[in-house]
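K.L.:
With the hints as constraints, model all of the structure from the sequences given.
This is what each chain is made of:
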Amino acid sequence: MSAPLVIAGHTFESRLMVGTGKYKDLAQTQAAISASGAQIVTFALRRMNIGQEENQPNLLDFISPQTYTLLPNTAGCYTAEDAVRTCQIARELLDGHNFVKLEILGDTKTLFPNIVETLKAAERLVHDAFEVLVYTTDDPITAKQLEEIGCCAIMPLAAPIGSGLGIQNRYSLRFIIENARVPVIVDAGVGTASDAAIAMELGCDGVLMNTAIAEAKDPILMARAMGLAIEAGRHAYLAGRMPKRPYASASSTTEGYFF
Amino acid sequence: MQIILNGQAQPLDTGLSLQDFILSLGLENKRYAVELNQSIVPRSRYLETPLADGDQIEIIHAVGGG
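Keeping their order, the protein sequence lines are chains A and B. Going by this note's numbering, the first residue of the first sequence is number 1, and it counts up by one from there. Going by this note's numbering, the first residue of the second sequence is number 1, and it counts up by one from there.
Keep in mind the hints are simulated off the structure, nothing from the lab. Hints may contain errors.
Simulated crosslink set (BS3-like; lysine-lysine; CA at most 30 Å straight-line) [as the list claims (entries may be wrong)]:
id: 1; chain 1: B; residue 1: Lys-30; chain 2: A; residue 2: Lys-22
id: 2; chain 1: A; residue 1: Lys-120; chain 2: A; residue 2: Lys-109
id: 3; chain 1: A; residue 1: Lys-144; chain 2: B; residue 2: Lys-30
Residues from chain A shown here face chain B by an in silico Cβ test under 10 Å; the list is partial [what the hints assert, rightly or not]:
id: 4; residue: Thr-29
id: 5; residue: Gln-88
id: 6; residue: Gly-162
id: 7; residue: Phe-258
These figures come from a predicted structure and were not determined experimentally. Glycine included, each C-beta is placed from N, C-alpha and C at the ideal position.
P.N.:
Shown next as structure tokens:
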């Protein structure tokens, strides 16, 4: 068996992390996450609709903090200030929980991260004892800077959030992985199981995804597929793939022909 | 007096604590976090936190996201 994933001293058997957005309802969210085998589950923070939601079930009734490691995110934040504030609210909501996903957007069309604000927020959050898993571009220099600030995992995008375009820049991801001393988790851009397997074959420590599962025709089946793909890709990475060669190499022996 | 709850102005009796106000919203057994004028109020301090005219209260909870 391969070694578990360790992030900031927390140990995980599963290398798949999943989001909770875009599902039909909370029951489907719960079933898909269970089928995925993921142990780390991310979610967002928003105003409660007072007067409308008192009798509505909440996400945390379906995704129990006792069962899963929750990863509150700062999705929707465009400034370091808003992101830090969101993490502080998350810590209060989850009784002192410091494990957060920092995500500061720079543009509504691409949802690419604003790196200047991300670096600022990361410094403040690390200083304030948060364990910061950080969404970033696939730029190896930025990834290293975020690691040096003290982020506990670097989460480069593979393609724009929710695009399902798959791994766009294998070489940049490889550079990030080679240089990193903390886990590298692909966050965003995976569309189907083979994308997740490719990320893992490149040597990523894990993959975080949401839309690829939630927008599949059968999210629960896709969740299962993703769990298997992550495992398959990890094993293939550890096994070490065969070298590529330009011409064929017969698999059956060329000795002992009787014809 | 008037307070602003999750961005909406609403009237409120004077002399209430944050605890009184939250109880009046029927949020028992719910998971949420509260900010008063952009500062977190820990759950343990609701009782000792008085509300004043113009206070901005945010009640935040977990929603689906990725």
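K.L.:
If a hint holds in the structure, say so; if it does not, say that too.
P.N.:
The hints, checked one at a time:
1. B:Lys-30 to A:Lys-22: holds (22 Å)
2. A:Lys-120 to A:Lys-109: holds (23 Å)
3. A:Lys-144 to B:Lys-30: violated (40 Å)
4. Thr-29: Since chain B brings a Cβ to about 6 Å from A:Thr-29, closer than 10 Å, the hint holds.
5. Gln-88: holds (6 Å)
6. Gly-162: holds (8 Å)
7. Phe-258: This hint is violated: A:Phe-258 lies away from chain B, its Cβ roughly 61 Å from the closest one there, beyond 10 Å.
Checked against the numbered hints given earlier, the structure breaks hints 3, 7 and satisfies all the rest.
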